[in-house]
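2 protein chains.
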Amino acid sequence: MRFGVIGTNWITEELIQAGHTVEGFSLQAVCSRTLERAKEFAAKFAAPFFYTNPAEMAASGQIDAVYIASPNCFHAEQAILCMSLGLHVLCEKPLASNADEVEAMLAAAKKHDVLLMEAVKSTLVPNFFTIQDHLPKLGKIRRFIASNCQYSSRYDAYRAGEVLRAFDPAYSSGALMDIGIYCLYPAIVLFGKPEQVKAEGVVLASGVDGEGSILLKYEEMDAILSFSKITTSYQPAEIQGEDATMVIDKINHLTRIEIRYRDGRIEDVTRPQTPKAMHYEIREFIRLASAGARESATNSHAASRLTMEVMDEARRQIGVVFPADLRRGSKHPETGKNEQNREAKRDENV
Amino acid sequence: MRFGVIGTNWITEELIQAGHTVEGFSLQAVCSRTLERAKEFAAKFAAPFFYTNPAEMAASGQIDAVYIASPNCFHAEQAILCMSLGLHVLCEKPLASNADEVEAMLAAAKKHDVLLMEAVKSTLVPNFFTIQDHLPKLGKIRRFIASNCQYSSRYDAYRAGEVLRAFDPAYSSGALMDIGIYCLYPAIVLFGKPEQVKAEGVVLASGVDGEGSILLKYEEMDAILSFSKITTSYQPAEIQGEDATMVIDKINHLTRIEIRYRDGRIEDVTRPQTPKAMHYEIREFIRLASAGARESATNSHAASRLTMEVMDEARRQIGVVFPADLRRGSKHPETGKNEQNREAKRDENV
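Sequence order for the protein chains is A and B. All residue numbers for the first sequence refer to this note's numbering, where the first residue is 26 and numbers rise by one. All residue numbers for the second sequence refer to this note's numbering, where the first residue is 26 and numbers rise by one.
It is possible that some hints are incorrect.
The list makes no distinction among identical chains, and a pair is therefore deemed to hold if it is satisfied within one copy or across any two copies.
25 Å max Cα-Cα, derived SDA-like pairs, lysine to any residue [stated by the list, open to error]:
#1 K69 to E39
#2 K301 to G289
#3 K165 to A182
#4 K275 to E292
#5 K301 to G49
#6 K275 to L163
The set of hints was computed from the structure by calculation and includes no laboratory data.
The following block holds chain A by itself, in its conformation from the complex (with noise of 0.2 Å):
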């Protein structure tokens, strides 16, 4: 499957390196902010072509698929963008920025008839599979608890008077749109809608959540959720059930899975998977692709929207608004966004 790449982050080299462990990925074409960028990045990734341009690379007939690791603020446009252009899309978590712009890449696939799936690596790993087929071990769940708190180098800067794009609210960002994910996708994926969402954070001058956690509420069980770019956290994630209980390292790498029972025992339940773990989403996606599926069963586009909802309830309750969420006066019939902002952020968009 012949892909293009938008963005040229680390991530993005993540991805790259990890495609070349998957049968069938070719990466075919970069596209990057500036020539140079998009040129050098080609160069060092054997990529034949490179664009400035995600139209000009969507349209361009040499791509299958189109992986997007642009700014959270552009997810959706870009997606629907090549969705129309009849492209499979993998986008970055979180899809994008609010459940209206969710709602609209979901149509657009189903429209276009393609594939779109939330690039979430930590619920395609062997590990979250391990979580799954040994949860009726624990016995009556009934408590989630994950927290994912990394002091960001770009809080050094922050805290110098300087607003990088991960402390920008004009790029959707924030911690728990970066990091928070990681704790939710997770429990949306395991068990389902909550009944209810209460949720507390920092707001910080530049308008993001620096740090925030979340209770959701389940019939029988509850979940706490914690997520920061402002200080570092070393707890393990936990399923607590009434027979044992699970313990997983990071809940964003599920590295380690143990079972503790009551009287004392440890299982170990781990199984073994490569430490480049998007191996595993880009497996899924060119396998759902090459089977004709238009959602991953595991990151369905269900769970993406649920996380959605759950992440602009969350934001409400904290307080945070994106000027995303503010263009929903005159919708573009696909995004949901105003086409005067849509031009106006174009020149900036990769």
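Once you have looked at the hints, place chain B on chain A.
Quick look at chain B alone, frame taken from chain A:
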């Protein structure tokens, strides 16, 4: 200082054993529901006097102070009775069933000019002061997260159909009251009154919370507290600052405290402390009484009041109501309880 104890459970045994390591502690009297138990317990710990009626023990002239470890629903009434007779009161956590009862207790302490202290052992051990001493090293504090989840052997009985006191709302029990307070109390002592409380939990058929979770919102941080008597957690507590994170092994024992800096350096700031943690609360209590003080600076009246106000609000959101909450029709001037109900309960109140 001559002590009487009300209640003869394992916690009273721990109190007495720890008391014997504190200068000035002398066990004089024991009060239990049945004469056999009172006699047996007094003999075991070489107490010269034993009673089945707290009022008789309080009026005996044999004791200067009382330690109350009866079920939560009796704390307020027994404490107020003892204080009205001039006794100092060390009362097990939680101080009472609800904030109304706490207010009545604090008013009684003031009126009768005696020492009243909530027996939260964990905030009076050397390692709690270690936490306070080293907090400035963490930089701006952004999150406190603590979990106290211990599957209760009494939940085995509950699952088998027998509702023991630990799961009976008539005794003002449940996970929050019994062990969740070990997460909440230090949060209140360290960070004061939260701006907002958000809570969820699982209410068992008996009417108490089997488990629950609380978010506390502060101006520049938040706190996450989780508790359970129907599952077990293995998570350490954390205080996350922008410059470092303090990791606390067990929030109710505080036996190991380390600071993890962003550069990877780990500083162990643990202080040696006796495993008989109640040693410190007894020492504090005797020291305060000897000095003529009427409350502890750490386990203060304000801390007890705030803690109970948060617990009331959390219970309201989780949906737990105690019979003690409903006794507010014809209020006793000190206890806030309905006289009739108090009489009805007197014969089983130890």
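**Asked** Between copies, within a copy, both or neither: which fits K165 and A182 at Cα up to 25 Å?
**Response** between (46 Å within a copy, 16 Å between copies)
**Message:** Treating 25 Å as the Cα threshold, decide for K301 and G49: within, between, both or neither.
**Reply:** within (17 Å within a copy, 64 Å between copies)
**Item:** Status of G289 relative to K301 across identical chains (alpha carbons, at most 25 Å)
**Value:** Between copies only: 24 Å across, 33 Å inside.
**Item:** Alpha-carbon proximity between K275 and E292, which holds within one copy, between copies, both or neither at 25 Å
**Value:** both (17 Å within a copy, 23 Å between copies)
**Message:** One pair to classify: K69 and E39, alpha carbons no more than 25 Å apart. Within, between, both, or neither?
**Reply:** Only inside one copy: K69 and E39 sit 13 Å apart there, 68 Å across copies, limit 25 Å.
**Asked** Should K275 paired with L163 be assigned to within, between, both, or neither, using CA atoms and 25 Å as the limit?
**Response** For K275 and L163, the Cα distance is within 25 Å both inside one copy (19 Å) and across copies (23 Å).
Consistency with the previously given hints is maintained throughout, with no hint failing.
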